[in-house]
Amino acid sequence: MGSRALLLLKLPAPARPLSSFNNRKLSSASELLSRYNCYRTRRCFTKATYGSSLEPPNLPRLAETARISLTPDEVEEFAPKIRQVIDWFGQLQAVDLSSVDPAIRADTEGENLRDDIPQPYEKREAAVAAIPSYEEPYIKVPKVLNKE
Amino acid sequence: MLSTLQPPRSLSRFPFRLSSIKPRHITFAVSSSSSLPVATSAVTDQSLQSSQILTIRHSLLSRHLTATQLVESYLTRLRLTEPQLKCFLHISDNVLKQAQELDDKINKGEDVGPLAGVLVGVKDNICTSDMPSTGGSRILENYRAPYDATAVRRMKEKGAIVVGKTNLDEFGMGSTTEGSAFQVTSNPWDVSRVPGGSSGGSAAAVSARQCVVSLGSDTGGSVRQPASFCGVVGLKPTYGRVSRFGLMAYASSLDVIGCFGTSVADTGILLHAISGHDRYDATSSIREVPNFTPQFTSANLVESRPLKGLRVGIIRETLDDGVDNGVKSAISCAASHLEELGCTVTEVSLPSFSLGLPAYYILASSESSSNLSRYDGVRYGKQAVADELNMLYGDSRAQGFGPEVKMRILMGTYALSAGYYDAYYKRAQQVRTLIQKSFKAALDANDILISPAAPSAAYKIGEKKNDPLAMYAGDIMTVNVNLAGLPALVLPCGFVEEGPAGLPVGVQMIGAAFDEATLLKVGHIFEQTLQGFKFVPPMVADGAS
Numbered sequence: 001m002g003s004r005a006l007l008l009l010k011l012p013a014p015a016r017p018l019s020s021f022n023n024r025k026l027s028s029a030s031e032l033l034s035r036y037n038c039y040r041t042r043r044c045f046t047k048a049t050y051g052s053s054l055e056p057p058n059l060p061r062l063a064e065t066a067r068i069s070l071t072p073d074e075v076e077e078f079a080p081k082i083r084q085v086i087d088w089f090g091q092l093q094a095v096d097l098s099s100v101d102p103a104i105r106a107d108t109e110g111e112n113l114r115d116d117i118p119q120p121y122e123k124r125e126a127a128v129a130a131i132p133s134y135e136e137p138y139i140k141v142p143k144v145l146n147k148e
Numbered sequence: 001m002l003s004t005l006q007p008p009r010s011l012s013r014f015p016f017r018l019s020s021i022k023p024r025h026i027t028f029a030v031s032s033s034s035s036l037p038v039a040t041s042a043v044t045d046q047s048l049q050s051s052q053i054l055t056i057r058h059s060l061l062s063r064h065l066t067a068t069q070l071v072e073s074y075l076t077r078l079r080l081t082e083p084q085l086k087c088f089l090h091i092s093d094n095v096l097k098q099a100q101e102l103d104d105k106i107n108k109g110e111d112v113g114p115l116a117g118v119l120v121g122v123k124d125n126i127c128t129s130d131m132p133s134t135g136g137s138r139i140l141e142n143y144r145a146p147y148d149a150t151a152v153r154r155m156k157e158k159g160a161i162v163v164g165k166t167n168l169d170e171f172g173m174g175s176t177t178e179g180s181a182f183q184v185t186s187n188p189w190d191v192s193r194v195p196g197g198s199s200g201g202s203a204a205a206v207s208a209r210q211c212v213v214s215l216g217s218d219t220g221g222s223v224r225q226p227a228s229f230c231g232v233v234g235l236k237p238t239y240g241r242v243s244r245f246g247l248m249a250y251a252s253s254l255d256v257i258g259c260f261g262t263s264v265a266d267t268g269i270l271l272h273a274i275s276g277h278d279r280y281d282a283t284s285s286i287r288e289v290p291n292f293t294p295q296f297t298s299a300n301l302v303e304s305r306p307l308k309g310l311r312v313g314i315i316r317e318t319l320d321d322g323v324d325n326g327v328k329s330a331i332s333c334a335a336s337h338l339e340e341l342g343c344t345v346t347e348v349s350l351p352s353f354s355l356g357l358p359a360y361y362i363l364a365s366s367e368s369s370s371n372l373s374r375y376d377g378v379r380y381g382k383q384a385v386a387d388e389l390n391m392l393y394g395d396s397r398a399q400g401f402g403p404e405v406k407m408r409i410l411m412g413t414y415a416l417s418a419g420y421y422d423a424y425y426k427r428a429q430q431v432r433t434l435i436q437k438s439f440k441a442a443l444d445a446n447d448i449l450i451s452p453a454a455p456s457a458a459y460k461i462g463e464k465k466n467d468p469l470a471m472y473a474g475d476i477m478t479v480n481v482n483l484a485g486l487p488a489l490v491l492p493c494g495f496v497e498e499g500p501a502g503l504p505v506g507v508q509m510i511g512a513a514f515d516e517a518t519l520l521k522v523g524h525i526f527e528q529t530l531q532g533f534k535f536v537p538p539m540v541a542d543g544a545s
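Residue numbers (the working numbering), protein chains in the order written: chain B, 1 to 148; chain D, 1 to 545.
No wet-lab data here; the hints were simulated from the structure.
Mixed in with the good hints, there may be bad ones.
Claimed, not checked - According to the in silico footprint, chain D covers these stretches of chain B (three or more CB under 8 Å from chain D):
1) 83-95
2) 128-139
To be verified - Okay, derived cross-link-like pairs now, BS3-like style, lysine-lysine, Cα gap no bigger than 27 Å in a straight line:
3) B:Lys81 <-> D:Lys464
4) D:Lys426 <-> B:Lys81
5) B:Lys81 <-> D:Lys460
The C-beta atom is built at its ideal place from N, Cα and C for all residues, glycine as well.
One chain only, chain B, in its complex shape (with noise of 0.2 Å):
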């Protein structure tokens, strides 16, 4: 009972006061939350953001470098959202991490790599089928050295 009781006059909890977008810790949703109001009524990101050697996304740069033609409408429209959930990233920038190591997935268990023995795939056939353009034994592109 004395745990419940706890629950129900914790709910709902106060609100917080509004901090600063560059601000350090986050920690909860309500926070999140607010601080993404804050973003959308006052813009108040700046290039700082990023801090001093990050430059914001050059879009026509990103999307050859991505293989992905975009036309001058699509700039346009991604832009802004691009640029918007950038900026948000850039509030990792304020965390001091400086001890901690990275973890490059869930670390629930170790590797299980097989030995490194070629095998033959026994569903080839069914592969080349989806090969939209080709001609045995290769697959078909056009020319591969451009103008550069």
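Using the hints, position chain D against chain B.
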């Protein structure tokens, strides 16, 4: 039309009283609905009544029902509800034939597998050799994989019948299923609302009883949030429990295949069927898969306090402002119910909780930019007409990918750019370490943790479509669990007063790595003893059939 199964709304606001809880006799499952011929009375073990899989098995083997009759009843309901719901991208034309073959086997007295006659929906980013697998993307329109995913192969080997491929946000990137290139799926509780996502088709199909169970995938909550929105049980296994071979990769360090069902027991039985090491996935665990069946014991008396001594931590950061009041009430009722079952419930804090959301989106978009480079129009999928190779790549991808996928690839490309790796990807990995440590500490002090599965119940179609950060914020309850690789079970625990008949709310139970057994035990007892709610959408309860 909607009168028969309206949820008792007042109940979601108050903690349950001991006196209101009586032994449970009727299950949530459709077997209690007149539209289904499944004979529940034939199952003698009361504790297993809620499992559709076990009920079907018993009905078939005791000859109360033929597989053909069973399949026809599901297909009839599917045909009636599908025009409104649009859960499936492809429906198998082979289902009746498989049922007839199963009937022949049973008639001859041959052995049948543990999933014999169980109709399964499979999320369309999980490969099947006998049906298209599009991942919800135009770039794979009409694509047919040369093999079955390991999870699908294992289900089929145990007798399951795949009904069809379910709708999803393109490649799993979204939280509403509006991001599918082909159609928008509706929530069976209110067709003007989203079913959640990205496994929205799989969740809605089980909720509408179009199939018995289904497979989804969960990179940041894509099984658990739609389970909550659709009022079904969703199980996200430990990372590595189920092989990812044949699951279209989105973020490989986070992706897992998960299960939907109308009962905890069904998701546990399905999980057992698909789990285990696979030589085609080096990250699949070599641990033995335990038999979960002993967890589904009879425990329908609250008075016996069947969970006595179990330590439950309620995550403080998940019940703060920004979470709907109806959701908070439902979760505090769930906590009270656990106390009545004998658990000790205390608050626990995960200090780095809110950092998980940006860290998750950095990792997921970065890994997706790498994983989705395989869709280049050369070896499979849509190929644009071009006279130069780079143009062929760029145009094939431009024509094949939808806007959300393009944006995530571009964000990931930015985060992985030379010189930026340390600022984004590496930092996100460091945050992942913090989150893993804080979960470990919380799970050393508690047997399970609980939280909402989402900050709200299902919202309207179109409501968050053009606001990426609003959409991402909805994933706050679930992404941390993927970063830590832990198992989590979402099961319906109450309703909020919205929509024509109330909207279901799910509670999330998080366990230690590879300890799905505890979650299934707690979830099963919780489900068996929760009184006063029926999680059957009106369109099914009223027999839209």
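So, going through the hints one by one against the coordinates:
Counting residues of the segment 83-95 of chain B whose CB lies closer than 8 Å to any CB of chain D gives 9, which reaches the minimum of 3, so the coverage claim holds. Figure legend: the segment 128-139 of chain B, annotated as covered by chain D; annotation consistent (6 residues with Cβ-Cβ distances under 8 Å, at least 3 required). With a C-alpha separation of about 13 Å, the suggested pairing of B:Lys81 with D:Lys464 holds against the 27 Å cut-off. Taking the CA atoms of D:Lys426 and B:Lys81, the gap is near 23 Å; set against the 27 Å cutoff, the hint holds.
A distance of roughly 22 Å separates the Cα atoms of B:Lys81 and D:Lys460; the hinted pair therefore holds under the 27 Å criterion.
The structure meets every hint from the earlier list without exception.
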